[in-house]
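Participant: The chain contents come next:
There are 2 protein chains.
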Amino acid sequence: MANIYEQDAERCEYLCVHDSVVKKVLDEMPDEEKLFDLAELFKIFGDSTRVKILYVLFEAELCVCDISTLLGATQTAVSHQLRILKSSKLVKSRKDGKNVFYSLADSHVTGIINLGMEHINE
Amino acid sequence: MANIYEQDAERCEYLCVHDSVVKKVLDEMPDEEKLFDLAELFKIFGDSTRVKILYVLFEAELCVCDISTLLGATQTAVSHQLRILKSSKLVKSRKDGKNVFYSLADSHVTGIINLGMEHINE
DNA sequence: ATAACATGTGAACAGATATTCATATGTTAA
DNA sequence: TTAACATATGAATATCTGTTCACATGTTAT
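Respectively, the protein sequence lines represent chains B and Z.
Here the working numbering = 1-based position in the first sequence + 15.
Here the working numbering = 1-based position in the second sequence + 15.
Incorrect hints may appear among the rest.
Same chains, same names: a pair is fine if it fits in one copy or spans any two.
Stated by the list, open to error - Subject to a maximum C-alpha distance of 30 Å in a straight line, what follows is the list of computed BS3-like cross-link-like pairs (lysine-lysine):
hint: 1; residue 1: K39; residue 2: K107
hint: 2; residue 1: K113; residue 2: K49
hint: 3; residue 1: K38; residue 2: K104
hint: 4; residue 1: K39; residue 2: K101
hint: 5; residue 1: K110; residue 2: K39
hint: 6; residue 1: K101; residue 2: K49
hint: 7; residue 1: K38; residue 2: K49
hint: 8; residue 1: K39; residue 2: K49
hint: 9; residue 1: K38; residue 2: K110
hint: 10; residue 1: K113; residue 2: K39
hint: 11; residue 1: K107; residue 2: K58
hint: 12; residue 1: K39; residue 2: K104
hint: 13; residue 1: K39; residue 2: K58
hint: 14; residue 1: K38; residue 2: K113
hint: 15; residue 1: K38; residue 2: K101
Calculated from the structure, these hints are not laboratory results.
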């Protein structure tokens, strides 16, 4: 970036709030990478198919076939989404013969979804 | 949809799990609309700019100009995102002369973000 | 060995979305 | 009133993403 003045040209030149507030905000702020990862995590929850998958796994571990049947989605679509959920460590899998059973990876999943539901139900 | 057999052609014909489990899963499952809304809510959190905005609002209410300065983003981009955050009832606004001050709308916001952070920090 | 089955995966396509640009609206100070 | 400022908004664009399709992999039963 060539020039800070050019870069900041669109913004106001001074802050409305007090310096102490600015300092506190910047102190509490996690670094860029953490914030990116956090957004990436929520992006995972931000899809109907994935939320449904997580919901059906609340009660029991299920194989890919059962999940797609319960959701009314194709096996392929579910498989793609399970891959994403697994790489984000939200679900884990266990192979048993031809089947692969998926289950929730940790308790944060239910916590996050339940809080989200609380916000919806208002 | 023409035919349920055609529709379900790709999936297995029977469920691996017991009927009692299927019944429980379907009982606990919120309806389609709720699940859609839930995914829409998390979609809001699934963007770096919006997560950053929510974070800077943890400490204090801020005007658009301050937010964009603190984030290093353009006023326009921030304004667009604030509109989305407001329509999802995650932030509220208060007008004061030329400025518009934004603040978090309710406690669910911090709860959801903190749970997300817990998951990241593992 | 071969057929039937369950799952995984890469490419392609369509739809969604975040940013930028240009401009409009509304407010304060001169 | 006019200039400067803060914010909002619509259109355009480029990027991202979820599904589908075709097919590969791996497992079980005959």
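Participant: Can you name, in rising order, the numbers of the hints this structure does not satisfy?
Facilitator: Hint 2 contradicted; others consistent.
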